[in-house]
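2 protein chains.
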Amino acid sequence: MITLYDFPRAPSPRRARVLLAEKGIPHETVIVDLAQQEQLGEAFRAINPRCTVPALRLDDGTVLTDNAGIAAWAEAAYPEPPLLGVTPIEKAEIASWNARIEQEGFYAVAEAMRNSAPAMKGRALTGAVDYEQIPELAERGLARLGHFFEMLDAHLADRAFVATDRFSLADISAVIVTDFARVVRLKAAEEFAHIGKWRAHMAERPSFSL
Amino acid sequence: MITLYDFPRAPSPRRARVLLAEKGIPHETVIVDLAQQEQLGEAFRAINPRCTVPALRLDDGTVLTDNAGIAAWAEAAYPEPPLLGVTPIEKAEIASWNARIEQEGFYAVAEAMRNSAPAMKGRALTGAVDYEQIPELAERGLARLGHFFEMLDAHLADRAFVATDRFSLADISAVIVTDFARVVRLKAAEEFAHIGKWRAHMAERPSFSL
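Chains as they are written, first to last, in this note's numbering: chain B, 1 to 210; chain Z, 211 to 420.
Among the hints, a few may not be true.
Said to hold, decoys possible - Covered stretches of chain Z (in silico footprint by chain B; criterion: 3 or more residues with CB under 8 Å from a CB of chain B, positions within the stretch not fixed):
1. 305-311
2. 320-330
3. 399-410
Said to hold, decoys possible - Covered by chain Z, per the in silico footprint, the following chain B stretches (three or more residues, Cβ under 8 Å):
4. 57-64
5. 137-147
Stated by the list, open to error - Only some residues are given here: those of chain B computed to face chain Z with a beta carbon under 10 Å:
6. Glu28
7. Arg50
8. Cys51
9. Ala71
10. Leu84
11. Ala92
12. Ala95
13. Asn98
14. Glu104
15. Val129
16. Phe192
17. His194
Worth flagging that the hints you see were computed from the coordinates, not collected in a lab.
In this text, a Cβ means the ideal position worked out from N, Cα and C, and glycines have one as well.
Just chain B, with the same shape it has in the complex (with noise of 0.2 Å):
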């Protein structure tokens, strides 16, 4: 059977559920209480010694211990429905905003909220070892992040996903972190129109409820 290591306020393992959805991947879920620090603790860490989740366990015992890893290889055991594209345009297209979701949207959530939430305190990376918080990284997260929403928005002024003329993984991180970006008080859906309209859209799939 296919372990899901998941936590259900967060959004990095939300991308992995979304996606096992999505493809209809059928797998059990295990909850590490990242409230109680537990993927530090020594019995995740023998799971993933990356202390994150998502982690994947598959039926061979592999643990894929990221999104990327996991969004690989379900794409390649459970082609159907294709969610990284078919020809090799839409297959770039979607690995590329698929990557600037992370690096411009992601990122700058992150930045924006651990390097300023009191929970964090000392705790501004995911990971096993333990960095300061920078407040003004804060501040530029949150810069960046608006950066990220206008033209994101002003990218889904005529286009119904993000990428391609199909769903995909992409609109799969674009919805999460349009939702994760309430941590830092950035409504997009509410504060960009076509961002608005799209994630409307997105909310009719089941798989959003996750």
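Fit chain Z to the given chain B structure using the hints.
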């Protein structure tokens, strides 16, 4: 004809340059002079509004604007030799290592270098928007980079390649971040024995003289 927008001394376009060489993809090269900030000028902005290299213009005029898109396109359009893996688990392993090398390696060197170098004042991030340097982030980048190379060195102790049992995109990225780290005076191939041995092995490939 395919056109690579490139700059010789920069690490990001080198990733595309080596990939195209390993795949044997014919192309012409146009140099964008980053030293003169040509990437921010109107002419290049019309080609890649993200103002970054590498960019790859395809036969049909499509412009791929980052390494994620270029690698996905190249693997699909020129499957041989495979550089992103063949089986689902190989694909996962390579995607995961490549992402990890980006996040923990490339971003760490970039943080250390761009937040400290006098020439990078006001240009702490690549791209169209100017951001001021954050000295604490330069320090954190150096610390992160040390942890990254310790991890990579331990990983390479009993391996010939970074991921799977043959040459892949993960080796390309790891060689380039290892070489790039010299810009912040971290000579990983000299300081870490296993990295040194693997880097010497990689030097046998003509693509790495590019």
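Hints, verified against the model:
1. 305-311: Our answer is that it holds, as 5 residues pass the Cβ test (under 8 Å) against chain B, meeting three.
2. 320-330: violated (count 0)
3. 399-410: violated (count 0)
4. 57-64: It holds: at least three residues are needed, and the region 57-64 of chain B offers 4 whose Cβ sits within less than 8 Å of chain Z.
5. 137-147: holds (count 5)
6. Glu28: violated, 19 Å
7. Arg50: holds, 8 Å
8. Cys51: violated, 12 Å
9. Ala71: holds, 7 Å
10. Leu84: holds, 8 Å
11. Ala92: Given a least distance of 4 Å, the restraint on Ala92(B) holds.
12. Ala95: With a minimum Cβ separation of about 4 Å from chain Z (threshold 10 Å), the hint on Ala95(B) holds.
13. Asn98: holds, 7 Å
14. Glu104: The hint holds - Glu104(B) has a Cβ within 10 Å of chain Z, the shortest such distance being about 8 Å.
15. Val129: For Val129(B), the interface hint holds, since the closest Cβ of chain Z sits about 6 Å away, which is under 10 Å.
16. Phe192: violated, 18 Å
17. His194: violated, 17 Å
The earlier numbered hints that this structure contradicts are 2, 3, 6, 8, 16 and 17.
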